[in-house]
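Sequences and hints are given; from them, build the entire structure.
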Amino acid sequence: MSEEARAQVSVEGLTRSFAGVPAVQDVSFTVGAGEIHALCGHNGAGKSTVVKMLSGQLAPDSGQVIIDGRPAALGSRQVAQRLGVALVDQELSVVPALTVLDNLLLGDVRAPLVNRRRAATERCRQVLGDMGLDRLRPDQPLSELSIGERQLIEVARALSQNARLVILDEPTATLSDVETQHVFAAIRRVAAQGCSVIFVSHRLSEVLELCDTVTVLRDGRKVATTPSAELTVDGLIVQMLGEAPHRLTATRAAESQPGYELRIEHLRVPGRLEDFTLTAQAGRVYALAGQLGSGASDVLRALAGLHPQATGTVRLRERAVPFRSPVRAASAGVAFVSNDRKSEGLFLDKPISANLVATRLPSLARAGVLSSRREHQAARSLAELVGIPDRRLGESAAALSGGNQQRVFVGRCLLRGDVYALLLDEPTRGVDIGGRAAIHQLLRAAADAGLVVLFSSTELEELLELGDVIITMREARMVGQYDGGVDGTVLLRDMTHGAAAA
Amino acid sequence: MTTAKSDRRPPMAATRWAPARWRADPLDIGIVVVVLAVIVAGILTTRFFSLANARAILASSAWVGITAIGATVVMIAGSAVSLAVSQTATVAAMVFLETQQFGLPVAIILTLASGVVITALQGAVIGFWTANPIVLTIAAGFAIDGVAIWISGGTTVYPQVTAFNALNGTPLGLPLAVYVLIALTVLAELFLRRATAGRHMYLLGENPAAARAAGLPVGRVTVVAWAIFGACIALTGIFLAAFNTSANSSLGGTLSLDAIAAVLVGGTAIGGGKGSALRTLGGAVLISAISDLLLLRGFSTGIQLLVKGILVLMVVVAVHVRSTRSRR
Chain A
1 MSEEARAQVS VEGLTRSFAG VPAVQDVSFT VGAGEIHALC GHNGAGKSTV
51 VKMLSGQLAP DSGQVIIDGR PAALGSRQVA QRLGVALVDQ ELSVVPALTV
101 LDNLLLGDVR APLVNRRRAA TERCRQVLGD MGLDRLRPDQ PLSELSIGER
151 QLIEVARALS QNARLVILDE PTATLSDVET QHVFAAIRRV AAQGCSVIFV
201 SHRLSEVLEL CDTVTVLRDG RKVATTPSAE LTVDGLIVQM LGEAPHRLTA
251 TRAAESQPGY ELRIEHLRVP GRLEDFTLTA QAGRVYALAG QLGSGASDVL
301 RALAGLHPQA TGTVRLRERA VPFRSPVRAA SAGVAFVSND RKSEGLFLDK
351 PISANLVATR LPSLARAGVL SSRREHQAAR SLAELVGIPD RRLGESAAAL
401 SGGNQQRVFV GRCLLRGDVY ALLLDEPTRG VDIGGRAAIH QLLRAAADAG
451 LVVLFSSTEL EELLELGDVI ITMREARMVG QYDGGVDGTV LLRDMTHGAA
501 AA
Chain B
1 MTTAKSDRRP PMAATRWAPA RWRADPLDIG IVVVVLAVIV AGILTTRFFS
51 LANARAILAS SAWVGITAIG ATVVMIAGSA VSLAVSQTAT VAAMVFLETQ
101 QFGLPVAIIL TLASGVVITA LQGAVIGFWT ANPIVLTIAA GFAIDGVAIW
151 ISGGTTVYPQ VTAFNALNGT PLGLPLAVYV LIALTVLAEL FLRRATAGRH
201 MYLLGENPAA ARAAGLPVGR VTVVAWAIFG ACIALTGIFL AAFNTSANSS
251 LGGTLSLDAI AAVLVGGTAI GGGKGSALRT LGGAVLISAI SDLLLLRGFS
301 TGIQLLVKGI LVLMVVVAVH VRSTRSRR
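In order, the protein sequence lines correspond to chains A and B. Residue 216 in the working numbering sits at position 216 of the first sequence; the count goes up by one each step and never skips. Residue 17 in the working numbering sits at position 17 of the second sequence; the count goes up by one each step and never skips.
Just so you know, the hints here were simulated from the structure itself, not pulled from any lab data. Accuracy of the hints is not assured; some may be wrong.
As the list claims (entries may be wrong) - Listing some non-contacts, in silico: residues in chain B with all C-beta distances to chain A over 10 Å: (1) Ser114; (2) Ala131; (3) Phe142; (4) Gly253; (5) Val316.
Stated by the list, open to error - So the derived list for chain B, only partly shown, Cβ under 8 Å to chain A, looks like this: (6) Arg55; (7) Ala59; (8) Thr196; (9) Ala214; (10) Arg297; (11) Gly298; (12) Gly302.
Note that CB positions come from ideal geometry on N, CA and C, so glycine has one too.
What follows is the structure in structure tokens.
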């Protein structure tokens, strides 16, 4: 496939409304052969709607998609696939019960009716190698793989279809930095073969690192298409938000500040965490920097009482924290925000107000009977704190966007007299940039109000922006501890065994 | 769900149209249709709309209804159902008859206590060790039945003295059990809506993993729900004993499944987190009304059971359709 660098895919005047509300209006851009084109925008900007129209899942109200100079009638996802459009969706669509090989062949319209297993296995090994997954066997069931590895399989499947256009909708959301680098290398490889790539991501530094051109959408309209060489992260944010956003500058509190401590000594979780010791002071933000499986998330889960087999001693305000039961850990003043807000966080079918006050009901009751007045007051003041309008309090939490759901989840732990340590496992996973800034502000405010704040993250930007003290972790152990003034490259080297260090 | 997130229009626009669009609730439509059908059939049936028949309907829904209120609380709290209800009611009835010589108040208190202890113990195993409620209550049902037969020697229990005659009274023409059912429904509804423990039950039923991770008192709340259930079953046992003036091991009959049917027809979700005591009262009365109607029109018991089954199925399907639609 040797093509000229001409427009291979162009989108002309795409428009789509839902129930009279325009989601995408008159969006046009072109993607050349071999070009990696980013689609950026705040939540609700219309990225996913554009992606759905390009992949045949939604019909546009007007406008067209032109592939190789011919208007393409993308009636369904199958038709789109036959016309050479491959999609990696936000949600995993791999089948855990099938093997790695079966998953790679799954949904491939070119696959012959009778599989030629040996040839396919050979090809599969090569695809796995390209993805940095040499350690996997083609006949391994997918259920044995981690979430990150499954995502890589999904990306590999789309990239191995020899498509004209590959669309990746947030493919790196659940991946570590090392895994992300493998995905990028694979994307660059298919682009070099002349394939057009559309890349959707919230991680702006990734966008600038990977993509040639960036199209920014805001409120359903195109703002600009700019070569990424002319862009900075701040410039992109301005395009996305339409105003200069404030960047959080961590106010790094002094060591000698009076206050209580969270003292963790020799915390161990069999098979997950080895001997973790840390003293965290009230009023400061502590960041655990570690990839999936580094143990960072297990420190937090153990403290919250969700690893009953954990050992060690934990003291908060000079009192022992009984951390082998979630109920007792909570009553000792530990509040935990899981990295999975849907299944382990919110009560999605319940109103937003009920979610905000869910964990503080006893404090709003007298003799076990709730006071409506105090409940409303608490819900309103929390809604104000996290920036959700009062009139939405009665809607179910499921109606909120991911970013707003996360604000509710975090807000649930704030303004409580009985919480002294706030633990957050990847607090901004899958959250748009506006929601991210809001959550960072909430956490900083919580520390300023005198809480111990301890969070885990895999994103360097977030770690550097928010952490007063950064603890790096790898393979179930603490690697380093930095009290301010540390370079991102140092952190990345610690987290990844030097593999990705500059 | 993630795709829905990125699909969202700016919140302003979304809130303006979303609540305004009326969506037919399949459950409410279904209930309205069934109630209308009952009314029409009732008009065409002589003696259905009479005071005496209304009394009969209420009276026949009272025993099952009292137990069903307790079953509602447990179902909302996410523990699905108990299959040991009939056996527990039988034991409660036996305890009540055996303690008659201490006087009515003491007998009632001892019977309630036995029901609470037996059922709350099952709740503790479910709440603290996350046992499967169905498996556990099948086992508990056999064990309770076994103990009852062992202690009673497999014979019918007769009271030495009868202090319970007051319970068979019919103030204002309605059996006492009907008043107890109504009072219990109101209490349970208030508890579920306004008590901390009641609200915790909705949260626990909706998302047990989230409730656990948040440090909510999952075990304690489950035990409280089952203790309430136990008290309700014991109350039914007391009325059964007083009415029959004796108790043998088959006294409980089909109470387990009748109670579940009433809760489900009321529209409480078997998966937990949604429902109400008032709805269950409606479910119990509706089942009674339909059985009564079929009886008056001369249909056999078989047809009555068949219709009950179809009704439960319809409501369960409607509840399911509603919950899957609201997720979109």
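Going down the list of hints, with the structure as the test:
1. Once the 10 Å rule is applied to beta carbons, Ser114/B is consistent with being away from chain A; the minimum gap is 25 Å.
2. A cut-off of 10 Å between C-beta atoms confirms that Ala131/B is not in contact with chain A; the least separation is 17 Å.
3. Listed as outside the interface, Phe142/B is consistent with that label: its C-beta sits roughly 31 Å from the nearest C-beta of chain A, beyond the 10 Å cut-off.
4. With a minimum CB-CB distance of about 36 Å to chain A, Gly253/B clears the 10 Å threshold, and the non-interface call stands.
5. With a least beta-carbon separation of about 18 Å from chain A, Val316/B lies farther than 10 Å from that chain, consistent with its non-interface assignment.
6. With 8 Å as the threshold, the beta carbon of Arg55/B stays out of range of chain A, its nearest partner Cβ sitting at about 35 Å, so the hint is violated.
7. Annotation: interface hint on Ala59/B violated; nearest CB of chain A at approximately 33 Å, more than 8 Å.
8. At about 5 Å, the closest approach between the beta carbon of Thr196/B and any beta carbon in chain A falls short of 8 Å, and the interface hint on this residue holds.
9. With a cut of 8 Å, the hint placing Ala214/B at the interface with chain A holds, because the nearest CB-to-CB distance is about 5 Å.
10. Hint status for Arg297/B relative to chain A: violated, with the closest Cβ pair at about 41 Å, above 8 Å.
11. Annotation: interface hint on Gly298/B violated; nearest CB of chain A at approximately 44 Å, more than 8 Å.
12. For Gly302/B, the suggested interface contact is broken, since its CB lies about 39 Å from the closest CB of chain A, more than 8 Å.
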